[in-house]
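*Asks:* Listed here are the chains, written in short residue letters.
2 protein chains.
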Amino acid sequence: MSPSASYSTYNLDRVEQLIARGHGITGLTKAELPTPALVVDIDKLESNIAQMSDYAKQAGISLRPHAKTHKTPEIARRQIAAGALGVCCATIHEAEALARAGLSGLLITSEQVGLNKMARLIRLTEQRPDTMSVIDSAAHAEALNDAASVGKTVLNILIDIDPYGRRTGIAPGIKAEELGKLVDSLPHLNLRGVHGYSGAASHVHGWANRKNESTDHMLPVLASFEAMKKAGLPMEIMSGASTGTYNIDSQLAGMTELQVGSYVFMDADYRSIGGQSGAVYDDFRPSLTVLSTVVSKRYSDIATIDAGIKSFATDHDALPEVVGIEGATYSFNGDEHGRIHLDKAARDLQLGEKLELIISHCDPTVNLYERMYVCRGEQIVDVWSVAGRGNI
Amino acid sequence: MSPSASYSTYNLDRVEQLIARGHGITGLTKAELPTPALVVDIDKLESNIAQMSDYAKQAGISLRPHAKTHKTPEIARRQIAAGALGVCCATIHEAEALARAGLSGLLITSEQVGLNKMARLIRLTEQRPDTMSVIDSAAHAEALNDAASVGKTVLNILIDIDPYGRRTGIAPGIKAEELGKLVDSLPHLNLRGVHGYSGAASHVHGWANRKNESTDHMLPVLASFEAMKKAGLPMEIMSGASTGTYNIDSQLAGMTELQVGSYVFMDADYRSIGGQSGAVYDDFRPSLTVLSTVVSKRYSDIATIDAGIKSFATDHDALPEVVGIEGATYSFNGDEHGRIHLDKAARDLQLGEKLELIISHCDPTVNLYERMYVCRGEQIVDVWSVAGRGNI
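Line by line, the protein sequences give chains A and B.
Heads up, the first sequence is in the working numbering, so the first residue is 1 and it goes up one at a time.
Heads up, the second sequence is in the working numbering, so the first residue is 1 and it goes up one at a time.
Keep in mind that the hints were calculated from the coordinates and are not lab data.
All the pointers check out, no bait thrown in.
Pair by pair, the computed Cβ-Cβ distance ranges are:
1. A/E178 / B/E378: 34 to 44 Å
2. A/E46 / B/E178: 48 to 58 Å
3. A/R166 / B/D317: 21 to 31 Å
4. A/A59 / B/R376: 52 to 62 Å
5. B/D216 / A/T329: 24 to 34 Å
6. B/E16 / A/A138: 28 to 38 Å
7. B/N212 / A/S47: 54 to 64 Å
8. A/V280 / B/R347: 44 to 54 Å
9. A/S277 / B/R285: 55 to 65 Å
Residues on chain A that point at chain B, a partial pick, calculated with CB under 7 Å:
10. Y7
11. L12
12. P34
13. P36
14. A90
15. E111
16. R167
17. H337
18. L351
19. G352
20. N367
21. E370
22. G390
23. N391
Ideal placement from N, C-alpha and C gives every residue a C-beta, glycine not left out.
Based on the sequences and whatever the hints tell you, model everything.
*Replies:* Pasting the structure below:
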């Protein structure tokens, strides 16, 4: 338990300044943070960004990393500084948050359907004319064109081709080409290329299996891209790939840019799919953890921490991994609590002790937090706003 | 698809005023909202609040409903106006958010361990002297007493007794009584009673089974409460129960107040556990939905909507339930998307159409949203801040 000597010197005001202002408050350590807290290791993050950037340069392909992973302007800024063309966004809200922070080169990879999203897409394009989004139907193309004509805006469009999975996207082939021609003919739409994302391939276990599956999914998309180009359509951009397939899809002829996302943080789920050279996918370093506190310690075999369903995404089978205690494992124990299993652990835990866990699935975990604390070792060196989080 | 005629009259500025200011913007309809949106039906919500209040009055028991369900000052205010003593909170952040909104009578039902949370609990108690929290160990009692002594504050304490589940709480019996005596002896702690919450009993399927399990769990806690009272300790409060056990635990001798939460909203998960008189637990009305938009419609048997893992909690087996289309079902399809299965549906869906879904698990779903739109039929009559959401 934290002794009262520590309490009497604890500076709550200083911690609150850190939370409210972020930049410019230094000298705090991890031990002083409110928990549960999302913590990013700046050295590992920057090493991941540099490594993907180096890979892309060597492979002769462009990067427009997916900001849905981090939703954080300070990270997008670093990706662009390392050579990315811009960033992808999953929602208009993410794109608005990044534009507010001064960023451009935004590609929204989901269909923006309905009055509210169309209006926001048009306004964003007026502010950032290089903004792009995707469509997968003639009805949507015509509605966007009509809406944009009200304000004389021209919207940049990629044809969303479905490699697999039937989530969004038109089938590759003649239908996609017809949609391309329609978009090209509409005065308030500016056709720029093709978007094709295979979420199904991204997490296939075993690199060779993943290579086969992703290649099977992507070749018809790339053939459509090529056919549209031959038909005289203005096909500059062929965007796709994930952190799981960055060194697979980048080798396919025709791909022009990668929308890799999770590599900045990595997570327990991605680590488990295997890399090109081993059973653990460790091309990039896990940089994101949740810091928690042991809040109940009544039994020798378990400890209860203050991080549960509200602090980690629960959508995947992978669980958060305990850092620094061999054999200790995590399970969910309600909205606000998690259980640390200590029966096979190298050491015990004490009431009040801080415990860090590698997150299980980065994107929806980040979405649960308003901010991330940026650390170098035990020191907090900055606080970043997760400005694009939430449903807005 | 929304025709362009609708687009040209769409007032984005007005929608943004609604989001930013909430109160005082009227005349908007559900169709104009950005999706995914959390929507509460005010009539159903108020009927649920009134019904639980009536039940408690008839049963002769007090209510301190759990605000972890809604995290929303406007709902806590209505619960207190209907006769509740105050509200429970799961975290210090929830309690701070409700106190900022002017509320009091707050019971924080989780141990506040570590320098940051102890400092905030002390500050909150200085602002709202009737604030209570829980402890389950002598080490924590002594740390809190020492911390409170720095500022001469007196903290109100319930002994957290574990009915089952080993999450937090001391075992019922002599150990709990010893802890009660210790708390009573410490000058900066003010013993008020016992907290005993059986999460395990709350969702047992079948009312008779649930009654047996909850009674088994709670009787030892109530015996401890009684023993401490007989030992001369100041035992005013015996707090427990859930929406699943409100009409079970309220009948147990010794219970003084109920910390029911989910009844304000209900959810698909709670509905499935069965009520006292039937297979569906329908004592309270589902008042909370997520409004979504069909963003892709390429196949006859499915539609893709813009509400996925970021818009619904994924921790329980129950899935969101489609409102108004017999036979249509939902499955998750990534962070930002869900799939509507239409092969057995009474009708088809169109691109751009709005679709409402009853949420699967209320507490962690509410946690994903910054605000809830308050509706009466199709009209939006208010916007409430989910001020206690998140990890802070």
